[in-house]
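J.: So you can see what is in the structure, the chains are spelled out below.
Protein chains: 2
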Amino acid sequence: MADSCLSDVFNFSAGPAAIPETVLQRARDELLTRGTSFPSLMEVPFSSAAFRTIADQAHQRLSALLALPDNYRILFMAGGAMAQFGLLPLNLLGSSKRLAYVDSGYWASRAITEARRFATVDIVASAWRDDEGVHLPAPKSWGLETLDRGVAYCHYTANETADGAQFPELHEHSSSDVAVVCDMTSSFLARPLDVSRYGLIYAGAQKNIGPAGLTVVLVRDDLLGRSAPQTPDVFNYGLQSEARSCRNTPPTFAVGLANLVFEWIADNGGLSAMARHNDEKSAMVYRTIAESCGFYRCPVAPGSRSGINVCFTLPDEVLTERFIVEAEENGLHHLRGHSRIGGIRASFYNAVPHAAAVALSQFMKDFQARRG
Amino acid sequence: MADSCLSDVFNFSAGPAAIPETVLQRARDELLTRGTSFPSLMEVPFSSAAFRTIADQAHQRLSALLALPDNYRILFMAGGAMAQFGLLPLNLLGSSKRLAYVDSGYWASRAITEARRFATVDIVASAWRDDEGVHLPAPKSWGLETLDRGVAYCHYTANETADGAQFPELHEHSSSDVAVVCDMTSSFLARPLDVSRYGLIYAGAQKNIGPAGLTVVLVRDDLLGRSAPQTPDVFNYGLQSEARSCRNTPPTFAVGLANLVFEWIADNGGLSAMARHNDEKSAMVYRTIAESCGFYRCPVAPGSRSGINVCFTLPDEVLTERFIVEAEENGLHHLRGHSRIGGIRASFYNAVPHAAAVALSQFMKDFQARRG
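From first to last, the protein sequence lines stand for chains A and B. Quick note on the numbering used here: the first sequence kicks off at 844 and runs consecutively. Quick note on the numbering used here: the second sequence kicks off at 844 and runs consecutively.
Bound-form chain A, shown alone (with noise of 0.2 Å):
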């Protein structure tokens, strides 16, 4: 990216997760100015003209790199996105008692155990394993054109962080009459995207958007209305979107943090360049691994692997230990996979440089070499 690589130490964390060094340089500029743009970002207050206007640009700026059409919200609500997990189907279940959801790996199986607190679950669709590694169910296969129209939403996990894999942008099923929702936290603003392919988008900021604790939420207008009665105000998708979410008191400053990000994105290329690097970054890591002869390997099948989170495994624990200890020495930090899945994981969201990658790749290929 265009922003300059300060030192060579580089973070490869799932999320929180590297966020740009420009916008970290604004953000430090602007919490301290008392006296120049008094109060600061921090502590500005939420009702006053300062706030509106950041907030006002944020959505401008997003709806500006998404190309949003007019029929979509914008909601920036607070908490991560496991707190949707639990308000879908208390917003858009309605009259409904059914709902469809892919199982595509750790955090959509997490996505069904709190759906089902609040409706039937029907799993349209799973993904398996062969001697390939993990494969995810393609699109065509979920069956969207043929559900019931009594279920109220078909949701997918776009991206499985912590299994590493990923679905292609869903392309298929434009026509379906069922809402397609989303959950995007590890993939938005990664590439380009389609909104009107969906009916709903949600996506965690600690990847891509900012400091964790906000949540972004788009969604179609039809579906808005539709809240249970027992829905508190805050998490209402309708009374948070006729309040410009300002229900209550938003996080103000991650707020204000994404839209710096947003603007980061838009002075850099936007999505397209986004996408480009992103892909450039993962393919230099998938490619070491291939053509270690299989002293790294990757869990997932080449079709299904994620352009975000390069999950892969050393030949025994020892090794991985080893692996994790001497890339933090070189510089290489929070590279261990996740607590359920365990071996390596290296995240290239937007903000990781392509030197970060460059030099995993080499740390890879020398430590091979010495302990290989």
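If you are wondering where the hints come from, they were derived from the structure by calculation, not from laboratory data. Note that the Cβ used here is the ideal one computed from N, Cα and C, for glycine as well. Take these hints with a grain of salt, some might be off.
So the derived list for chain A, only partly shown, Cβ under 10 Å to chain B, looks like this [said to hold, decoys possible]:
id: 1; residue: Met925
id: 2; residue: Ser952
id: 3; residue: Leu1100
id: 4; residue: Phe1138
Not close to chain A: a few residues of chain B, all C-beta gaps over 12 Å, as computed [said to hold, decoys possible]:
id: 5; residue: Arg960
id: 6; residue: Ser969
id: 7; residue: Ser1039
id: 8; residue: Arg1069
What follows is a list of derived Cβ distance ranges for each label pair [unchecked claim]:
id: 9; chain 1: B; residue 1: Thr956; chain 2: A; residue 2: Asp913; range: 27 to 35 Å
id: 10; chain 1: B; residue 1: Gln868; chain 2: A; residue 2: Leu1082; range: 52 to 60 Å
id: 11; chain 1: B; residue 1: Gly1137; chain 2: A; residue 2: Asp1064; range: 48 to 56 Å
id: 12; chain 1: B; residue 1: Leu1082; chain 2: A; residue 2: Leu1082; range: 50 to 58 Å
id: 13; chain 1: B; residue 1: Leu1082; chain 2: A; residue 2: Asp1064; range: 28 to 36 Å
Please build the complex by placing chain B on the supplied structure of chain A, with the hints as guidance.
T.: The following block gives chain B in isolation, referenced to the frame of chain A:
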């Protein structure tokens, strides 16, 4: 306070509110430290040892400030206090069907509206108004000792931020069988507190804790384990307590800031010193009101006035608007009263310096001399 005032502009916002100058300086210094303490406070993974250290330190510092009894748990939850309005009944109702609430003003009434989604709410006491202004109902009038044990808890709002009314600390009812639940958002850490008198205390961060988007919950451990089956995991007090508030990604940066604020409070004399300074600030403005021969009027009766949010009115709307405009021109920011209440409101949270009260009092006298 010990913080020097970098300039003569002051933030009287009711929230998000002023943050201690030294905390902003340290946050600024920690925002961009790649290469020294990598990664920055905003990018640190929540599952890392680095974040665990920060969260444990925040926990220990808050426990020390409050002399927290061993049988209380601290939860750092995402979102604001309004989210808790619905989460309280979800987590505490258990097999009960009834709740008791004190209706003391704007925020209490919003809490009551949310609680009524889940249970029958008995209003055990209400604020009333006479020639002196608004009176809060004394705790001894709530009838806590004679409440049916089938009531899951009795809820009150310690300080009504919008109305400018505050209860004394609840000393009379420590022997009640019914758990007292307190929304302490705008008075938490503003004065010493005997936690053992409460079943649960909650406080949104954006007053005396840190940036918006975080809520601290203190809960007596015998109240855990009552959550309704429909409670989403991330909103379940028991599960979050077991997970040390990391059942999902917490608002990591906000927790890091809170940790710095807790340290700042301790370094500046703890809660007793906060109380002394806060009382001096608000008393100064109340005295200016009293000495204005009725030009300024406080709509709250003397015994119920808030030591945090000083509300007052001017003779008419034109003077009120002019007061706000001229105050801004004089560096006195965000004095407009709550949108539903009107008038003027000056909030004296911990981080608002003594000089702010001096400057506001002087401005009030000057304004009256010119316009009265």
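J.: Determine whether the Cβ-Cβ distance between Gly1137/B and Asp1064/A falls within the hinted range of 48 to 56 Å.
T.: 51 Å, holds
J.: Hey, does Arg960/B actually stay past 12 Å from chain A on C-beta?
T.: Violated, since 5 Å does not exceed 12 Å.
J.: Quick one: work out the minimum CB distance from Ser969/B to chain A and report holds if it exceeds 12 Å, violated otherwise.
T.: Nearest chain A Cβ is 22 Å from Ser969/B, so the label holds.
J.: Under the criterion of a CB-CB separation shorter than 10 Å, is Ser952/A in contact with chain B as hinted?
T.: 13 Å, violated
J.: Far enough from chain A: is every CB of that chain over 12 Å from the CB of Arg1069/B?
T.: With a cut-off of 12 Å, Arg1069/B remains clear of chain A, as the shortest Cβ separation is near 16 Å.
J.: Can you let me know if the beta-carbon spacing of Leu1082/B and Leu1082/A is within 50 to 58 Å?
T.: 27 Å, violated
J.: Does the hinted range 27 to 35 Å hold for Thr956/B and Asp913/A at CB?
T.: 33 Å, holds
J.: Confirm or reject the claim that Gln868/B and Leu1082/A have a C-beta distance inside 52 to 60 Å.
T.: 38 Å, violated
J.: Please verify that hint: Met925/A, Cβ, nearest Cβ of chain B, below 10 Å or not.
T.: 4 Å, holds
J.: May I ask you to check that Ser1039/B keeps its beta-carbon over 12 Å from the closest beta-carbon of chain A?
T.: Fine: 29 Å to the nearest Cβ keeps Ser1039/B off the interface.
J.: For the hint on Leu1100/A, does the least C-beta distance to chain B fall short of 10 Å?
T.: 8 Å, holds
J.: Hint validation: Phe1138/A versus chain B, beta carbon distance must be below 10 Å. Holds or violated?
T.: Violated: closest Cβ of chain B sits about 26 Å from Phe1138/A, beyond 10 Å.
The structure does not agree with the numbered hints 2, 4, 5, 10 and 12 stated previously, though it agrees with the rest.
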